[in-house]
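J.: The lines below spell out each chain.
2 protein chains.
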Amino acid sequence: MSGPTTEPLRLGIAGLGTVGAGVVKIVRQKSALLQDRAGRRIEISAVSARNRDKDRGVSLASYDWQDDPVALAQRDDVDVFVELVGGSDGPAKAAVEAALKAGKDVVTANKALLAHHGQALAELAEQNGAVLRFEAAVAGGIPVIKALTESLAGNDITRVMGVMNGTCNYILTRMESAGLSYAAAFAEADALGFLEADPELDVGGIDAGHKLALLASIAFGTQVAFSSVELEGIGRVSIDDIRQASDMGYKIKLLGVCRLTGRGLEQSMSPCLVPATSPLGQLDGGTNMVVIDGDQVGQIVMRGAGAGEGPTASAVMGDVMDIARGTRVTTFGAPASRLVAATPAQTATPAPYYLRMNLADKPGALAKVAAALGDAGVSIHRMRQYDHIDSAAPVLIVTHKTTRAALDQALEAIAGTGVVQDTPVALRIEAV
Amino acid sequence: MSGPTTEPLRLGIAGLGTVGAGVVKIVRQKSALLQDRAGRRIEISAVSARNRDKDRGVSLASYDWQDDPVALAQRDDVDVFVELVGGSDGPAKAAVEAALKAGKDVVTANKALLAHHGQALAELAEQNGAVLRFEAAVAGGIPVIKALTESLAGNDITRVMGVMNGTCNYILTRMESAGLSYAAAFAEADALGFLEADPELDVGGIDAGHKLALLASIAFGTQVAFSSVELEGIGRVSIDDIRQASDMGYKIKLLGVCRLTGRGLEQSMSPCLVPATSPLGQLDGGTNMVVIDGDQVGQIVMRGAGAGEGPTASAVMGDVMDIARGTRVTTFGAPASRLVAATPAQTATPAPYYLRMNLADKPGALAKVAAALGDAGVSIHRMRQYDHIDSAAPVLIVTHKTTRAALDQALEAIAGTGVVQDTPVALRIEAV
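Line by line, the protein sequences give chains C and D. Per the UniProt record's numbering, the very first residue in the first sequence carries number 1; after that it's consecutive. Per the UniProt record's numbering, the very first residue in the second sequence carries number 1; after that it's consecutive.
In short, the hints are calculated from the structure, not lab data. Heads up, the beta-carbon is just placed ideally off N, CA and C, and yes, glycines get one too. Any given hint could be a false lead.
[To be verified] These stretches of chain C come out as covered by chain D in the derived footprint (C-beta under 8 Å, 3 or more residues):
(1) 24-35
(2) 299-312
(3) 318-331
So that you can see chain C by itself, here it is in the shape it has in the complex:
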């Protein structure tokens, strides 16, 4: 056999925000270590960003500057195009496509790009003999893409769950630990700079939903299907819900869950209750966690920083080092042509649900709620009614396992009774 190449691996890096600068620092400061491990030098040929003059805390003088990321991606002296521009379309997409068409390998941290165009990009990569890797796009420094794609390749994956948006977990943790309202915790996260320019990307679950769609594709051999992820943000979670959940031994997390069952592909990113003593329940603050269930391995839990310069740059460098060592793995763990377009499940796997609603001060109100649940086939596991406050009585219900469809039917019937104020809160309780 011919030995592996010892020629330097030459990077072109587009996007020099904190992550891009972090990658440059690692390549500069760990040159000898990287060469020892990969058996060849890692070099940077050229870089690109919007603003050439910004101080990024690292010298860029020895690299060619290229204003246009597409031109950077096509340079003859670039073996790997590192895309850290961001955005599902625009320059990031154009440059990644240009790199792949030129047969260059691509490493990206861009979850939005892959969530929207993953299938087409995976096909383009394979047509051109290039690899497209994206460990940094999901759960920051946690090596979950590699674990699913490679380590667990001998498993049928039965479920992947994750807390993958540190900002949401920070807000929920602060609500609980400091007794803050959602609005106050949101404002605190905003003041700390934790929120995206469009906060709905965080608190609406969109960012975490992108990540879940990528994990589902690898886990189940399906084409990325972000548009069928059921998204529900954390904006309706109240401090009351958090306290009640806690009293019952649960925590509320913005939890991504995906499964492939006879009903189809389930993908949801929504506030869920998890047991307080489980690893997910114990996850406080901005940390991320991914839980993988496989038919052979049982349950694997991985925890780490989901964002930040070091963790994200670490993930980018893991992909770069794989390429330097000659590792050639398909984008989603199987050839793009073998990925199937899964039918979205019409209703999720049955689960117990937590319900909170405000009953009007009318005779027989609770009986009407109970009857509506019973008529829909939803049975009640626990129920608590509290004293009336301003003519409304909070009622908490934990159901036995039910389908979401049956629950929605019950909620519709409850709305029709006229005894409930506002829309009830309904959160799934996920077994871990």
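Could you slot chain D onto chain C? The hints should help.
T.: For chain D alone, coordinates are given in the frame of chain C:
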């Protein structure tokens, strides 16, 4: 570039205990899935074990039987030799050497073999253009070898810790949860079949020490040095220690810790106190956990089953699938010739210690202990003395950070005072 091969990858499997049988089942039952993911078929050419007639719950009729694992390793129709025989020498070593010399790739779950002969085998593999992988040897189904070798290749690793012997963690957990003595919990684990034929491999920390030595090599680019792992088993941990630790907010775990510092390579596998609310502190029962600190990634925690048919076979198959996809990574993450022979640290990084001793009923006894600690430069953070029982008074001390050398000097002086019965228990408190 030439595309990857689509020829079947042919395995020869030596050792058909639960793990070997598990691997055969996966290859048979997931044939299509494996082919989709790897882009080629995974086949078994021949198998070997001591007893041909045993019922292993899976048909072996379509595979050649080979009594001699060395002959199996050298067959022309074997691309990958899967060694699940076990043992640091004897047939396992002979067969792995034969396979590597014949240029065959090797996948093994044999921690003892690699802990004792890892450097020589890594050199042999590289001389013959073969790869030698061993994910299943450390922490069962947890993909820690791959995470360290590949995902975190852009990091300087600052520490690796782990609970990597499920039997010991089971014993310690049962002592705490059921109030059992060490002897009673040991007997329970024995009755459940959790113990190795030589129980000292488990409770003496040897098995877990093998695993730690392998992780240290990858983390720090050092030659495997099992002989310099400081080993201390759990046999001296008493129910009193567990209760006292719990009162102070700690759990006692058989914890492996390795670091490379200016003092040299530290490797220890010993009972340690860890915060009860940390992921390690919350790890109950037979589950394993590895905690990796990297300068870029921060802290990564991985948790999963450390043993058993499915988890171990999952790890074996992860390595097999890597080879099927053409991945060629060096055994310990860097070429064997680049691994350095690290000097063992003479004394570990300073840490607080937990001490328990029985004071004789003599005037001034406690003062003598305190003086001995002070003279050695060990300062006391917390101290409790209890009522005398049978003329001895239990004393608990938590020190401030100290070196083990200073502590040992103090313990020697304390022994010289004649006021302490038996040998004091001294356990490190590891920050997490």
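J.: For every hint, state whether the structure bears it out.
T.: Verification of the supplied hints:
Check on the region 24-35 of chain C: 4 of its residues sit with their Cβ under 8 Å from a Cβ of chain D, so the three-residue criterion for coverage holds. Check on the region 299-312 of chain C: 10 of its residues sit with their Cβ under 8 Å from a Cβ of chain D, so the three-residue criterion for coverage holds. Only residues whose C-beta sits within less than 8 Å of a C-beta in chain D count toward coverage, and the region 318-331 of chain C has 10 of them, enough to reach three; the restraint holds.
Hint check: no violations occur; every hint is consistent with the structure.
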